[in-house]
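Participant: Since chain L is already given, all that's left is putting chain P on it; use the hints.
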Amino acid sequence: AQSVTQLDSQVPVFEEAPVELRCNYSSSVSVYLFWYVQYPNQGLQLLLKYLSGSTLVKGINGFEAEFNKSQTSFHLRKPSVHISDTAEYFCAVRKSGGYQKVTFGTGTKLQVIP
Amino acid sequence: EAQVTQNPRYLITVTGKKLTVTCSQNMNHEYMSWYRQDPGLGLRQIYYSMNVEVTDKGDVPEGYKVSRKEKRNFPLILESPSPNQTSLYFCASSSPGQMNTEAFFGQGTRLTVV
Chain L
1 AQSVTQLDSQ VPVFEEAPVE LRCNYSSSVS VYLFWYVQYP NQGLQLLLKY LSGSTLVKGI
61 NGFEAEFNKS QTSFHLRKPS VHISDTAEYF CAVRKSGGYQ KVTFGTGTKL QVIP
Chain P
1 EAQVTQNPRY LITVTGKKLT VTCSQNMNHE YMSWYRQDPG LGLRQIYYSM NVEVTDKGDV
61 PEGYKVSRKE KRNFPLILES PSPNQTSLYF CASSSPGQMN TEAFFGQGTR LTVV
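Protein sequences, first through last, are from chains L and P.
First residue of the first sequence? That's 1 in the numbering used here, and the numbers climb one at a time after it.
First residue of the second sequence? That's 1 in the numbering used here, and the numbers climb one at a time after it.
Hint data in this document are derived by calculation from the structure and do not stem from the laboratory.
For glycine and all other residues, C-beta sits at the position ideal for the given N, C-alpha and C.
Please note: incorrect hints may appear among the correct ones.
For each label pair, taking beta carbons as the anchor points, the in silico distance ranges come out as [claimed, not checked]:
| # | chain 1 | residue 1 | chain 2 | residue 2 | range |
| --- | --- | --- | --- | --- | --- |
| 1 | L | Pro-18 | P | Lys-18 | 44 to 52 Å |
| 2 | P | Thr-5 | L | Ser-28 | 34 to 42 Å |
| 3 | L | Glu-66 | P | Arg-110 | 29 to 37 Å |
| 4 | P | Ile-77 | L | Gln-71 | 39 to 47 Å |
| 5 | P | Ile-77 | L | Asn-68 | 40 to 48 Å |
The shape of chain L in the complex, shown without the other chains:
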């Protein structure tokens, strides 16, 4: 079975500072990896995804993530955060190929401090 661990439930960071949100996964087979963002009272929006190829993936709003197979990680980064980045971020994983169930992490709340 696959699983996703987001160790940090909350991450406070000052505006314009860099941030890293951690995600580790567990799976015995090849996987696809995703980061979603949820703004207050809204649904989830895809930030970026890793399917194959280059391990550095760039997404929307200046976010990027790096797939590290040996460490089974897919950490999300942004070099300079804005107040508008305050939201909850979810890492997700699914087996590659075909339609497979998506497993989400428990989420990390990013609080950007002015």
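Facilitator: Frame of chain L; chain P shown alone:
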């Protein structure tokens, strides 16, 4: 505008009173899913559907039913709601062309069972 529409957005009901949460997408997507979101638990998949008349259980199907009679609609049915089904529910859809992600989420339905 491409979207997934859930109704109602908010619902308070009493234990045992059958209810249906509707989900409709206008993107001709084959795949649709229902999730519940609970604090500290992230999103957990309830049911999913790969096409009309094809549905399967996710991680937490107990107490829920679904149907997929039309491609665009995927209602979630709670035949006898209980307080432990108080949660935030999301519907999502994707297509084979985007089968590697849950590309579109609805705005969510906040259900309270008293």
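Participant: Confirm or reject each hint.
Facilitator: A quick look at each hint next to the structure:
1. One distance hint, 44 to 52 Å for the beta-carbon pair Pro-18/L and Lys-18/P, holds here, with the actual separation near 50 Å.
2. Checked against the hint of 34 to 42 Å, the C-beta distance between Thr-5/P and Ser-28/L comes to roughly 37 Å, which is consistent with it.
3. Remark: the range hint 29 to 37 Å for Glu-66/L to Arg-110/P is upheld by a beta-carbon distance near 35 Å.
4. Separation of Ile-77/P from Gln-71/L is about 42 Å and conforms to the stated range, judged on CB atoms against 39 to 47 Å.
5. Taking the beta carbon of each, Ile-77/P and Asn-68/L are about 42 Å apart, inside 40 to 48 Å as hinted.
Against the hints set out earlier in the document, no violation occurs for any number.
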